[in-house]
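Enquirer: Each chain is listed here by its residues.
There are 2 protein chains.
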Amino acid sequence: MTPAHLALGAGGEFDRLRAIFRALGRGARDLGDDCALLRLGRTTLALSIDASLEGVHFRTEWLSFREIGWRGGAAALSDLAAEGARPLGVLVSLGLPRGRGTRGGGRVDPAAEIMRGVAAVTKSVGARVLGGDLTRSSRYLVDVCAIGTVDRPVRRSGARPGDGLWVTGRLGGAGLGLARLRAGRRVATAVRRRFARPQPRIAAGRWLARRGARAMIDLSDGLAGDAGHLAAASRVRVALELERIPCWPGVAPRAAARSGEEYELLVALPRRFGAREARAFRAVTGLALTRIGACSAGRGVRMTDRGRGMTAPPGFDHFPAR
Amino acid sequence: MTPAHLALGAGGEFDRLRAIFRALGRGARDLGDDCALLRLGRTTLALSIDASLEGVHFRTEWLSFREIGWRGGAAALSDLAAEGARPLGVLVSLGLPRGRGTRGGGRVDPAAEIMRGVAAVTKSVGARVLGGDLTRSSRYLVDVCAIGTVDRPVRRSGARPGDGLWVTGRLGGAGLGLARLRAGRRVATAVRRRFARPQPRIAAGRWLARRGARAMIDLSDGLAGDAGHLAAASRVRVALELERIPCWPGVAPRAAARSGEEYELLVALPRRFGAREARAFRAVTGLALTRIGACSAGRGVRMTDRGRGMTAPPGFDHFPAR
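First to last, the protein sequences are chains A and B.
Numbered according to the working numbering, the first sequence terminates at residue 325, and the numbering increases by one at each position without gaps.
Numbered according to the working numbering, the second sequence terminates at residue 325, and the numbering increases by one at each position without gaps.
Since the hints were derived computationally from the structure, they do not count as laboratory data.
Don't take each hint at face value.
[Stated by the list, open to error] Quick list of the computed label-pair ranges, beta carbon to beta carbon: (1) R62(A) - R240(B): 42 to 50 angstroms; (2) R189(A) - R101(B): 28 to 36 angstroms; (3) T46(A) - R311(B): 49 to 57 angstroms; (4) G289(B) - R142(A): 36 to 44 angstroms.
[To be verified] A few chain A residues that face chain B, going by a derived Cβ cut-off under 7 angstroms, partial list only: (5) A39; (6) I52; (7) A54; (8) L94; (9) S96; (10) V111; (11) A114; (12) M118; (13) G134; (14) D136; (15) C148; (16) L181; (17) L184; (18) R189; (19) T192; (20) S299.
C-beta atoms are modelled at their ideal positions from N, C-alpha and C, and glycine is treated no differently.
Please model the complete structure; the sequences and the hints are all you need to start from.
Expert: Shown next as structure tokens:
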């Protein structure tokens, strides 16, 4: 669920993206972040597109069709959150296999259920479904384009040496849910909800943008991977302290740092931003905001565990290098 | 490549869309046309999303990857043309199979080639690629979301009894190209170009919107099918005269009326719009504008062949009723 970026980390997916940007040449100047930005009179539009495919991003054994729709919408809206944008609406492309749609004895219409899920997550952030397309497909496909407006866009590229690095909420719940489902084990209600119905951090992103966020990214590839994207785009070195990571109950910090599709926000804030500001954030959003590291001059991500250096866990990559 | 509409004709695809609209309830009020419209200050945004899938909309044996990208972009931009909108840009979701990409001895990067095609058609109408998403997929997937602005949106629903019904360009070339490719036969250069690189009728749509177009739709499902959508949305009866259809050389009127993915515009214009106005249109756009029928009180599409009634050829439907 990685959108196209200009400043990229390592990995097969990014090699492919680089080839695409070369192909587009000058036309691709603005393809550099979670969202595309489009100036329109006095308004700036923030736009993001995010495809979810059966067998790649979800399995119909693990999720209801409504949850599949919710997750697809949440992924696109989360990109708007990371820009500090206010969503207006979404467009949805649905791909539907012919003649599938019976579940548990009763008949449900997968298309209607998926759209109910997209509509629910969209409504939860004050936006609506604007339109869509429907096509036959060998496997289920949900592609969501989210549109919003933004007063002060927060890119990935604005972090500076000296900035603190903070994360919203707690990490590891989505990875825990996925691991349990993969193993065919029972999933606790709260864990399942975390995996199946992630909350796009729209209010959090807007608050952080207003309070001077320098760079922001949503955690879709895992903390280690996404910190690498932010470091590369901002041309800084990112130091992360493993023991500071706010973890989901029962999840170890290493697993939390590797967990993908958490949809929390990683944000670089000026050094003056401190505990008092974090309490104000919590009062407004109901979420923790935890300082887990800092930016310095240099390149790449360095992760330490109680002061000792460690190899950063790899992020999730749809196209591992062959 | 049919976008979601509210006022729908017959067929399995439309039954599914109706179920989706029921599921969305009141939130779906605006899901009624080629484009979604979004009021933003003094501007109105026009948005459309259109998915192209390998095996459903294209085959890699028939088209180069660049042509696949061009066609995917053209389909979404054509919806903006039918609204009378000016495109600003597109977002693209690409789905790529792992380990495919060798063609004709040399290695091409399918992702870069597809994006070159999308960028070329987007540039041809004065817009640009704004962003994208890349994912692994079992088959090639190109999903394009087009964004534009529109001063005077032309919906499908505005035709009135007495309006003339006109069509831009000539029909049947795309169907001819498809039939030749399906049969494994040689395709003449002009026919291949018509099929592989359709031109979104942006300038034509904007001219017609300024000159009082009452209703407009782009021809993606075939003339007969799309005339049915316009008739249903406008709650009028549409009479089409087969012998008036401007046909591609070597294509019979019946085949031209059935040919899908032509991306010409079908437009309802007030009765006063006549041959003089059509000449002015041609002078500006280089395209023919031909009166092929009229609207009257009633419902449905009636097609005549030199005055004799005939059964309208069916439109293309991705989900034929079982």
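Enquirer: Would you mind marking each hint as holding or not holding in the structure?
Expert: Structure-based check of each hint:
1. The beta-carbon spacing between R62(A) and R240(B), approximately 48 angstroms, falls within the hinted interval of 42 to 50 angstroms.
2. Restraint check, R189(A) to R101(B): a C-beta distance of roughly 33 angstroms satisfies the suggested window 28 to 36 angstroms.
3. Against the hinted window of 49 to 57 angstroms, the Cβ-Cβ separation of T46(A) and R311(B) comes to about 55 angstroms, which satisfies the hint.
4. A hinted range of 36 to 44 angstroms for the beta carbons of G289(B) and R142(A) is consistent with their spacing of about 42 angstroms.
5. With 7 angstroms as the threshold, the beta carbon of A39(A) comes within range of chain B, its nearest partner Cβ sitting at about 3 angstroms, so the hint holds.
6. The criterion of a C-beta within 7 angstroms of any C-beta in chain B is met by I52(A), whose closest approach is roughly 4 angstroms, and the hint holds.
7. At about 4 angstroms, the closest approach between the beta carbon of A54(A) and any beta carbon in chain B falls short of 7 angstroms, and the interface hint on this residue holds.
8. Interface hint status for L94(A): upheld, as the beta-carbon distance to the closest one in chain B is roughly 4 angstroms, under 7 angstroms.
9. Here the hint on S96(A) is kept, as its CB sits about 4 angstroms from the closest CB of chain B, short of 7 angstroms.
10. Below 7 angstroms, beta-carbon pairs count as interface contacts, and V111(A) has none with chain B, the closest being about 10 angstroms; its hint is therefore violated.
11. Given the 7 angstroms rule on beta carbons, the hint for A114(A) holds: about 5 angstroms separates it from the nearest Cβ of chain B.
12. For M118(A), the interface hint holds, the least distance from its beta-carbon to any beta-carbon of chain B being 5 angstroms, beneath 7 angstroms.
13. With 7 angstroms as the threshold, the beta carbon of G134(A) comes within range of chain B, its nearest partner Cβ sitting at about 3 angstroms, so the hint holds.
14. Proximity of D136(A) to chain B holds as hinted, the smallest CB-CB distance being about 5 angstroms (cut-off 7 angstroms).
15. Hint status for C148(A): holds, given a least beta-carbon distance of 4 angstroms to chain B, under 7 angstroms.
16. Because the closest C-beta pair between L181(A) and chain B is about 17 angstroms apart, greater than 7 angstroms, the hint is violated.
17. Interface restraint check: L184(A) against chain B, minimum CB-CB distance 20 angstroms, threshold 7 angstroms, status violated.
18. Given the 7 angstroms rule on beta carbons, the hint for R189(A) is violated: about 29 angstroms separates it from the nearest Cβ of chain B.
19. Interface restraint check for T192(A): the shortest CB-CB distance to chain B comes to about 25 angstroms, outside 7 angstroms, so the restraint is violated.
20. Proximity of S299(A) to chain B is violated relative to the hint, the smallest CB-CB distance being about 30 angstroms (cut-off 7 angstroms).
The structure does not agree with the numbered hints 10, 16, 17, 18, 19 and 20 stated previously, though it agrees with the rest.
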